[in-house]
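**Q** Next come the chains, spelled out residue by residue.
Protein chains: 2
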Amino acid sequence: MKKANNMVIAQSGGPSMVINESLVGAVLAARSKRTGARIGRIYGAVHGIAGILARDYVDLRKVSEKKLMAIAATPSSALGSCRLKPTREDCRRIFEEFRRLSVGYFFYIGGNDSADAARIVAEEAEKDGYPLVCFHIPKTIDNDLRSCDHTPGFGSAARFVASAVKGDDLDNRALGGVKIDVVMGRDAGFLTAASALARERPDDGPHLIYLPEVPFSEDRFVKDVKAAMKKFGRCVIAVSEGIRGKDGVAIGAKLGSGEVDSHGNVQMSGTGALGDALARLVKAKAGVKRVRADTFGGRAYRVAYAARPIADAAKETRSLPREFIAKNGHDVTQAFIDYARPLVGDLPPCAVL
Amino acid sequence: MKKANNMVIAQSGGPSMVINESLVGAVLAARSKRTGARIGRIYGAVHGIAGILARDYVDLRKVSEKKLMAIAATPSSALGSCRLKPTREDCRRIFEEFRRLSVGYFFYIGGNDSADAARIVAEEAEKDGYPLVCFHIPKTIDNDLRSCDHTPGFGSAARFVASAVKGDDLDNRALGGVKIDVVMGRDAGFLTAASALARERPDDGPHLIYLPEVPFSEDRFVKDVKAAMKKFGRCVIAVSEGIRGKDGVAIGAKLGSGEVDSHGNVQMSGTGALGDALARLVKAKAGVKRVRADTFGGRAYRVAYAARPIADAAKETRSLPREFIAKNGHDVTQAFIDYARPLVGDLPPCAVL
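Protein chains in written order, with my numbering: chain Z, 1 to 353; chain E, 1 to 353.
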């Protein structure tokens, strides 16, 4: 058997703002004469382990450095992702494929479930006597990886949460009532906790923060909201999607679709059910009328002003004109693009592999 | 009666990123010797017309220019907002108050309902013979004001929608399935249409766009999704919160709380009900397994790397440590702030009046 000096790299789990930075960093290191002297071919498996099983690869030695830098600056997973927990049989097929390709190094970028997939591959390789060096490259915006001070992706995600809650607090200051923001984080409250960075003044929100680490009680929640309304005349609440009662079952999981991935995680993102349920609770039990819940998931235009009668703007709304609506009824026309592009400016450039 | 050369300015309707720019622009113009020569006192009414009825004002001649510039850069309504349609009796009390304060100019910043409130005040003033010049300063992120090419706020909101849908399209490319993004716009589809600016390549999403201007059919929607899944193997959908069936009633309004404001608008924002209902429909009728719905509503850290066994990161998650959780169970500690602040960096400065 010839020396297995080729490598496979893949991405897994939820895509994030920074997961392509890790991919490009690892690929550039592998391509470097200094750090990657022992590395031969660099296979990028498409959609994680699923790409190995399907023999679907991108040759990452052939991608230009310019394109790699554009990929690094692009959100989401350039190689595609998956949520697959490899079985004994999957591993057997993976090693067969690795043997065929002379792969001796396997890099898996992802969070704790992806690390677990890499651990399974490493342990099965050892059992089978297949010589494989496995690496897990940490990702994960919710910062729940053990043995990391913080995960790549947490800083930018935490900044988003803090900025969004800060904006909501200013809106709540203007219109009053209760605002509930549901924040990602199935088991760890780091991202929800980051909402506290929005505070500057003593009466700034978030006024209440509910974390998955603290058992959630509906009665206590209603009491807390009433107390905050009394003190501030308004209330901004940051709540983790993963809050759970004394039984340890996530409340959002009970309200959701019940969909479960191969790692046994119940779907919680991509639904507004938890926020809506808490909003109904506040309306019914805390007697607050205005309650809103959200779940966080340039210009070069010549402007001219003219005096117009108020009645021209009053009450009735302007609809999107017919010429901006595509004939199929579910799209827009180029005329709309031409109208809106100068208002919005160019979006940051993105690249795909 | 002495010459009524004082002015009242107020903000109304939903707060936005740019409504304080309009406030500060008008105040600086009124304070300028050139443009505001005829203006005496500048009263900022707190919470719109409600502030006039409650005699609650900020003296906007006394606020420093530096503070005004900080206010301009701050989102939301610095004077507070309201959603109040003035009655005949309200107007009578407003003119009594204006007479007391020698107010001859009234500026109301807001969207079409605020313009309607200003129109009512202007018409009632004329009926009563009270000499008042009324101005409506256009705001409104959803661009539905007649007689504006575009409203202040539409550009930045459209940019947000396009950026968010672009990010979702990249995620959808990585993980597949259907992603539904519900976008603001009760009667006008401009913001939902702006999602089209996310497209760069022929297979980029959004693949389907549903606007309030086009009658929505569930059967047609399911067929469209099936066709997009067949063509692209995935599907990103932008849908307006205001889509309505042939009966003209907004589907989101039927699913929501039924809450109605004084202008007769049914609550549609701040709930995930429409997105969740469409996701259920796609799962049930289009046979797609992975369906997600969302409703849009610096660093100076020393990093050190060390090799760690994969098992340390695998499967089990790290929870927020006890020392980061406040004793009351609904807040975080200073220790968490100290941990997270360098990761997130300072947020943009905000000012309140």
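Honestly, the hints are just simulated from the structure, not real lab data. There may be inaccurate statements among the hints.
Identical chains blur together in the list; that is why a pair holds if it fits in one copy or across any two.
[What the hints assert, rightly or not] Computed cross-link-like contacts, EDC-like style, restricted to lysine to aspartate or glutamate with a CA-CA straight-line distance of at most 20 Å:
{"hint": "1", "residue 1": "K283", "residue 2": "D203"}
{"hint": "2", "residue 1": "K289", "residue 2": "D149"}
{"hint": "3", "residue 1": "K283", "residue 2": "E259"}
{"hint": "4", "residue 1": "K226", "residue 2": "D331"}
{"hint": "5", "residue 1": "K67", "residue 2": "D187"}
{"hint": "6", "residue 1": "K254", "residue 2": "E200"}
{"hint": "7", "residue 1": "K289", "residue 2": "E124"}
{"hint": "8", "residue 1": "K327", "residue 2": "D149"}
{"hint": "9", "residue 1": "K230", "residue 2": "D331"}
Predicted model, so just to flag it, every value in this text is computed and none were measured.
**Q** Now tell me if each hint is right for this structure.
**A** Each hint, compared with the structure:
no.: 1; hint: K283 to D203; result: neither (23 Å within a copy, 44 Å between copies)
no.: 2; hint: K289 to D149; result: neither (42 Å within a copy, 36 Å between copies)
no.: 3; hint: K283 to E259; result: between (29 Å within a copy, 11 Å between copies)
no.: 4; hint: K226 to D331; result: between (45 Å within a copy, 16 Å between copies)
no.: 5; hint: K67 to D187; result: neither (36 Å within a copy, 42 Å between copies)
no.: 6; hint: K254 to E200; result: neither (36 Å within a copy, 39 Å between copies)
no.: 7; hint: K289 to E124; result: neither (58 Å within a copy, 30 Å between copies)
no.: 8; hint: K327 to D149; result: neither (53 Å within a copy, 23 Å between copies)
no.: 9; hint: K230 to D331; result: between (47 Å within a copy, 18 Å between copies)
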